[in-house]
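S.K.: These are the residues of each chain, in order.
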Amino acid sequence: MKRFGRWLIPILPIPVLALLAFGLTRDVQVLPSAIVGEAAPEFRLETMAGDSLTLAGLDAQVVVLNFWASWCIPCRQEHPALVRATEVYDDSDVRVLGVLYQDTPEGAERFMRRFGGEWETVLDPGTRTAIDFGVYGVPETFFIDSDRRIAYKHIGPLNWEILQTKVDSLLSVGGA
Amino acid sequence: MRRLAPLVFLLLILAPESVLAGTQEEGMSAAEVDQLSAEVAAQLRCPVCRNQSVLESSSGLAREMQSVIRDRLASGETPEEVRAYFVGRYGDWILLKPEPKGINLLVYLLPAAALLFGGVLLYYRIRRWTGAAAPGPEASLAPEVPDADPAPTEEARAAEPTSPDADGGLSEEEEEWIRQQIGSLG
Amino acid sequence: MLSTLGYASVIAALLGAVITTLTGLIGGFKNRPVLIDASRRATYFTFVAMTTAIVAMEAALLTHDFSVEYVSRVGSRETPSYYTAISLWSSLDGSILFWGWILSGYAALVAFVRRRETDGLTPFVLGTLGFVGIFFFGLLAGPANPFGLIVPTPENGPGPNPLLQNHPLMGLHPPLLYLGFVGLSVPFAFAIGALLSGNLEATWLRDARRWMIAAWAFLSLGVIGGAWWSYEVLGWGGYWAWDPVENASFLPWLTATAFLHSVMVQERRGMLKTWNLTLIIGTFILTLFGTFLTRSGILDSVHAFTEGVIGPLFLGFIALLTLGSFVLIAWRSDRLHAPGTLDGAVSRESAFILNNLIFVALTFTVLLGTVFPLIVEWARNERISVGPPYFDMVFTPLALLLLFLMGVGPALPWRRTTAEKLKRSFWLPTGVGVAVVAVIFLLGVRRVYPLVTFGFAGFVFATIVEEFRKGVSARRRISGRPPALAFLDLLTRNGRRYGGYVVHTGIVVIAVGLAISGSWKFEREVTLRQGEQLEIGAYRVQFDEIFTRDEAQRFVVGGNFQAWRGDRFLGVQQPRLNYYPTSQQPIATPAVETSLSKDLYLTLMAFDSEKGEHATVRAIVNPAVAWLWIGGLIVGIGALIAIWPHGRPAYLPELAADLAGSAPMADSLATAASEAQRGEEAVTVGWEEPGS
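Protein chains in written order, with numbering that gives the first Met the number 0: chain A, 0 to 175; chain U, 0 to 185; chain P, 0 to 691.
It is possible that part of the hints are untrue.
[Stated by the list, open to error] Straight-line distance between alpha carbons at most 16 Å, and here's what the computed EDC-like set of lysine to aspartate or glutamate pairs gives: (1) K610(P) x E534(P); (2) K610(P) x E522(P); (3) K100(U) x D543(P); (4) K520(P) x E465(P); (5) K152(A) x E119(A); (6) K165(A) x D92(A); (7) K422(P) x E465(P); (8) K520(P) x E63(U); (9) K520(P) x D91(U).
Hints in this document: simulated from the structure, not taken from any laboratory.
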């Protein structure tokens, strides 16, 4: 311990310090998703109007699946981008579908009335679909390509630029 | 005892959990499903609250996850399959105890290696401290050791207990105290 | 005004620390009494300055002076005064201020206690403490300045973090933890002082040990208090989650405990000098590491406050101290060399050395588990988690080994032993241990860990009782006093040893509490309609109604649940959910009905928000949790016995005189104090413990 360890001991903390320095360079809040690149989980959910919807039954090339809730503040921020997407894109190209996360249909209706515009939202009783998609919280948005694989996942509020870039890249791949 | 200690440790580490905790599977009643789903939920990290398990968290998502666990177990899935389902959705991040594979093995092996390394180091060091020629530590258990012991240093001799009672449980502190008492009387 | 006073005080403290460091080190090396004296006075001055800063901050908080940016961030007019006062440590800058104040207080105490010592160590110790102070006061003067102003002055603030204003324990647990953490800087300063002065003989060690026990006691109480807070406030039903920040408080505790044992080997045999220095230094570095974890937010933690520039600064300081300390050790290594000799491999010395091995292995393991996600992310860019199931698995066997050694150590004599003596001192404790296991096995317990824990606990307890019995009978032979008085003599005359045994008793109690509560906890989660009952174990719980209450700073929803244990009515339990404007998620307050054998722990999980007709409640039967707190109390008492000065005069009057003589800021201090008092009166005191 004495002679040999004399020079060993000062060296020991160095890797730990380097590790901590590395720790400072990254953002803990960013979490990985195991599901990007995988086939999107199938679901059968009811819309607020009472119709039943399945992922396989959607015929659009790209599906933008947005998990949201009326109590979620950042969701208000991204709402206009989603409304705009339904207006800009043709239904056969892009289908914007909201999945209501831990919320009531009444809450969702109030939200739509208050912030204007509308896109289709399905209910997710028991949060099963959200768990199937590995959702951590809202808002989270999944971009599903024509093979019904999850191409991208966006955590946090979307904006129009991000949405358009991702959708267009998927459309160009699908069209080619 | 010193040799036994790492051994006991290894045994305890290696013993399958079922031996230690008595886990049961298959053919389950509702109570057993509850029990098992609690065990699975305790191993999964709540995605919303970060540092609690799914079992402990009161967040809505964690509670829905718990019911997913219960449903899957009740439909006949094994705990491993249920865990695999969640890993498929959320990644390895969701396991509170990392799978012992690849780099993760380090977190299981390094503590044991450190203990073993330290133990071996100490073994040789204590051997050296007790005198290079002295036999292994068990030998000092033999009754003749006090006489066979290598000559103590001057200082050690001075500190040697002098009271005949010393062997009957008086330690050196008590010895010192007695001397103080005698001093204060005189 | 308060902001100016506070900031000026911080700058004064920084100046004081710089002067202390310079005069202490130069005076020490050159042996100039004038400089040495100056370093002592500068230390007192620093303490007075920091006290003024704290008083200024408290005054600003209590008078709701929202022009101070920190107050505008953690204060609100609605927060009850008690929580306003303790929001001093509810955010980053304030907690560093608090930390700095405690540091200056410890330094002043060291300066005072050692004012007549002539061993040449004091200036180096004060210089080192001053150096540590420079870092913290420097943070306060720059990146973590709590006295910054905000323009325009807001009308009101958001109040402290809801978690931190939800329970009165927040006034107790952080100060204890800080007293422990910061207290560890004192033995560190003694170690560095001894290395710098080159006087590595026993005197520094005696003082370092004493201060270490004091800091250790606070840290122990802080850790236990943290567990208690977690149990009573967070509402998840447990008390220890192996959260990175909890681990951070546990790591220095482990190395400090290792030191308290190995120091005895050095005292008796003059060996392990380098090792003990390493433990002291490592302990302090680990406290900084813990602070770094909480302040930098590099790991997921419920407790972390994240802030940008502080993290790198902390890391730099940790690196500086670590490398500096170990270079010092290497520099002095010729004086540290001591030929190790042991008379027998089976002796108390060996037991302590083995104890150190396990403590260090445990420290390594907890540290590894804590930073392991970071290692994997670095190596693989993957995110993993290391949580309670891992820690429980690796901690339990090592902790059991320590428990076992706790019985072996005291029963082994120093130096060497014979097989005959071994038999004599071990047959009784071993017999007790085996008997305990047999009885519990016959009672139907088949789980390995609890059985082993109980067996070892019986074994340890028997050795402790045996030690006391021997001590008492030896005392009686000498003094002829009756047993009770002879027992008291043991505790007062040889407090270090017998206080140590009292601490061990507390640890045994905690170990048993952990084993029972960890193995036989069970729970149910049920949705009840009004009037419906739930049965869990011996308990019956009936849901009566939902109540709501509008409080100034929050909105409370609670459930009235009648509870019975057997036929005995336990009163109405009120688990609550508290809604704070600043928090999206409600903060739960559990209802805990404690008894010595088991607790009934109720958490309100959900409720019918329309009509209050049903409520979802999680009911947990937590056996033997009370014994953790009792054990913690015993540990505290034991530590107090161990450091209680034997017949030394009280310092206080002298300290006051000394302070008065060298307190240039005494006037402004008095002014600020009276201001704080007036502020306190101005605030309406409308706080009652909710639900009472």
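S.K.: State for each hint whether it applies.
M.R.: Quick rundown of the hints versus the structure:
no.: 1; hint: K610(P) x E534(P); in the structure: 24 Å, violated
no.: 2; hint: K610(P) x E522(P); in the structure: 27 Å, violated
no.: 3; hint: K100(U) x D543(P); in the structure: 51 Å, violated
no.: 4; hint: K520(P) x E465(P); in the structure: 33 Å, violated
no.: 5; hint: K152(A) x E119(A); in the structure: 19 Å, violated
no.: 6; hint: K165(A) x D92(A); in the structure: 13 Å, holds
no.: 7; hint: K422(P) x E465(P); in the structure: 14 Å, holds
no.: 8; hint: K520(P) x E63(U); in the structure: 23 Å, violated
no.: 9; hint: K520(P) x D91(U); in the structure: 28 Å, violated
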